[in-house]
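*Asks:* Sequence lines, in order, name chains V and W. Start counting the first sequence at 1; every next residue gets the next number (the working numbering). Start counting the second sequence at 1001; every next residue gets the next number (the working numbering).
Heads up, some of the hints might be wrong.
[As the list claims (entries may be wrong)] Computed cross-link-like contacts, PhoX-like style, restricted to lysine-lysine with a CA-CA straight-line distance of at most 20 Å:
id, chain 1, residue 1, chain 2, residue 2
1, V, Lys144, W, Lys1084
2, V, Lys71, W, Lys1277
3, V, Lys2, W, Lys1033
4, V, Lys108, V, Lys5
5, V, Lys53, W, Lys1104
6, W, Lys1120, V, Lys53
7, W, Lys1120, V, Lys5
8, W, Lys1277, V, Lys82
9, V, Lys143, W, Lys1033
10, W, Lys1033, W, Lys1084
[Claimed, not checked] Okay, the calculated bits of chain W under chain V, using three or more residues with CB under 8 Å as the criterion:
id, segment
11, 1016-1023
12, 1036-1047
13, 1060-1067
14, 1261-1274
Since the hints were derived computationally from the structure, they do not count as laboratory data. Quick reminder that beta carbons are idealized off the backbone N, C-alpha and C, glycines included.
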Amino acid sequence: MKAQKYEDVQYIISQDGDGEPNLNLVWKDGGLFISLSGLFISDGDTWYELPVKDLVNVNVINEEPLQLRFKIPALDVVVMGKRAERLLALRHFLLPYIKREKDGSGIKGLVKFWAVGIMELDILARLMGEEESEIVQMIEEAKKGGLISEDGRVTEKGLALLSANERTVLKGSLG
Amino acid sequence: MQQNGPNFGSFAEAVTTLGKLTRMEGAIQAAIKNSRVPPREARKLLKCSKPVEAGNTPVFQFMRELFRRMELGELEMSSVDIFKMTFRVADCPVCKLYQNVKGKRTCYITTDTLAQFFNKDLSIPSSAEEVMCKNSGDEFCEFTVSMQPLAVYQLALDDCDREIIGQLQGAKDAATIVKATELSGAEFSYRLDALKRYHILDSSNRLTEIGETYQKFGQSFKHLDEEFPAPWKDMSEISESISASVSFAEAFTEAAETEPIFEVKNKDIVNLAEKAKSSRSFAELLSKNLSKEEE
């Protein structure tokens, strides 16, 4: 398979279990390569393939130095490069081709935070590891779907997304 | 082309598009960095009630010029609401970069630039979203910027507005307020209309519940106006900065395009998506890598 070097990067690959990274590598030096099926990260020895068809999101998680997170189900790859514009260009190039997460786990997370009164966009974005525009879209979807009422309450339908255990914990935290 | 892969077109097309996007990103970074707008100018934009009025503000004229220089197209003001503004790009150059994408919105670079301009240059915490796109079959590309309400209240209303609110709460009549604030009748009327649009006053010029709250916590809502020259006073400085950044990005992209093409052997490839499906195999992969590093 043909691949061309795009940028020198440092990278971390971590497995993502229910929102929390549970395995991590230290930052490693390597190269980010592009191919017609997606991306490769190589340390010069192993070629880690990140197929675009499996990507669910590409986020900026830090601006200086710029860090991009490539998310595929159950796995995160974070890369850091010196040339911010190269990595941002790659992100904007890939976004139209990737399938965005639509499994409802994001909405469920939003409902949980909403139920305990966390409604600020910037805080939600940080807690959920999403961009604010994504959160805005989720809130609109939640309202359209009747999970959050127009006056800002989580509805019975919204609470039904949560497990019995989660509802009990939420009730406790709400006093 | 790779089966089941994305439709990037040819390898050369993908590299060219990435080069164009890198050039645009260079211009955007330079422009955003040098375009901080003084609060008094941002306020003029926020107080507009009609798209035509907003489109004639110096801030929007400046935005439109920046968008041209960043090669993002001809920006138009589409609609204005107190916490939301909609912008339109008719013949969107970004769409043309994604000739192979159909039925999807593609202009993430424009969306992010709008969000950055509002957040960093206007200092209004905001999020942006592309709501219509030529590549998804719409007639034009349209973007909505949603602004955080508290930040809008902090910036949109100034000391004079707060004085009017205070006087109205003290049940002063219009003539007394005009005299106290030294405003012309027209300006007073314009400010009253703005306060109604922001739901501070009702149609009878009485404080609403929001108005009462605003007045009660007015001091904490107050925005400290920093005074500095508007960025459009010296467009040459921004132009130079954009040109330098674009030249650098171009030089770097040209060098990057000459990078050799590797033929990667299947036996050397680890497909991370496949590995991630099995925790055990991923753990094995990590442990193998860690032990290799220790050697």
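*Asks:* None of the hints should be skipped; say for each whether it holds.
*Replies:* Now for the hints, and whether the structure bears them out:
1. Simply put, Lys144 of chain V and Lys1084 of chain W have alpha-carbon atoms about 18 Å apart, close enough for the 20 Å limit, and the pair holds.
2. Simply put, Lys71 of chain V and Lys1277 of chain W have alpha-carbon atoms about 13 Å apart, close enough for the 20 Å limit, and the pair holds.
3. With a C-alpha separation of about 37 Å, the suggested pairing of Lys2 of chain V with Lys1033 of chain W is violated against the 20 Å cut-off.
4. Restraint check for Lys108 of chain V and Lys5 of chain V: the C-alpha separation of about 39 Å exceeds 20 Å, so the hint is violated.
5. Between the alpha carbons of Lys53 of chain V and Lys1104 of chain W the distance comes to roughly 15 Å, so the proposed pair stays at or under 20 Å and holds.
6. A C-alpha spacing of about 33 Å is found between Lys1120 of chain W and Lys53 of chain V, which places the hinted pair above 20 Å, so the restraint is violated.
7. At roughly 32 Å between alpha-carbon atoms, Lys1120 of chain W and Lys5 of chain V are farther apart than 20 Å, so this suggested pair is violated.
8. Proposed proximity of Lys1277 of chain W and Lys82 of chain V is contradicted: the alpha carbons are some 31 Å apart, above 20 Å.
9. The straight-line distance between the Cα atoms of Lys143 of chain V and Lys1033 of chain W is roughly 36 Å, outside the 20 Å bound, and the hint therefore fails.
10. For the suggested pair Lys1033 of chain W and Lys1084 of chain W, the alpha carbons sit about 24 Å apart, so the restraint of at most 20 Å is broken.
11. With a threshold of 8 Å between beta carbons, the proposed coverage of the segment 1016-1023 of chain W by chain V holds, since 4 of its residues qualify and at least three are required.
12. Counting residues of the segment 1036-1047 of chain W whose C-beta lies closer than 8 Å to any C-beta of chain V gives 0; at least three are required, and the coverage claim is violated.
13. Counting residues of the segment 1060-1067 of chain W whose CB falls under 8 Å from any CB of chain V gives 0; the rule of at least 3 is not met.
14. Counting residues of the segment 1261-1274 of chain W whose C-beta lies closer than 8 Å to any C-beta of chain V gives 11; at least three are required, and the coverage claim holds.
In terms of the numbered hints stated before, the structure departs from hints 3, 4, 6, 7, 8, 9, 10, 12 and 13, listed from lowest to highest.
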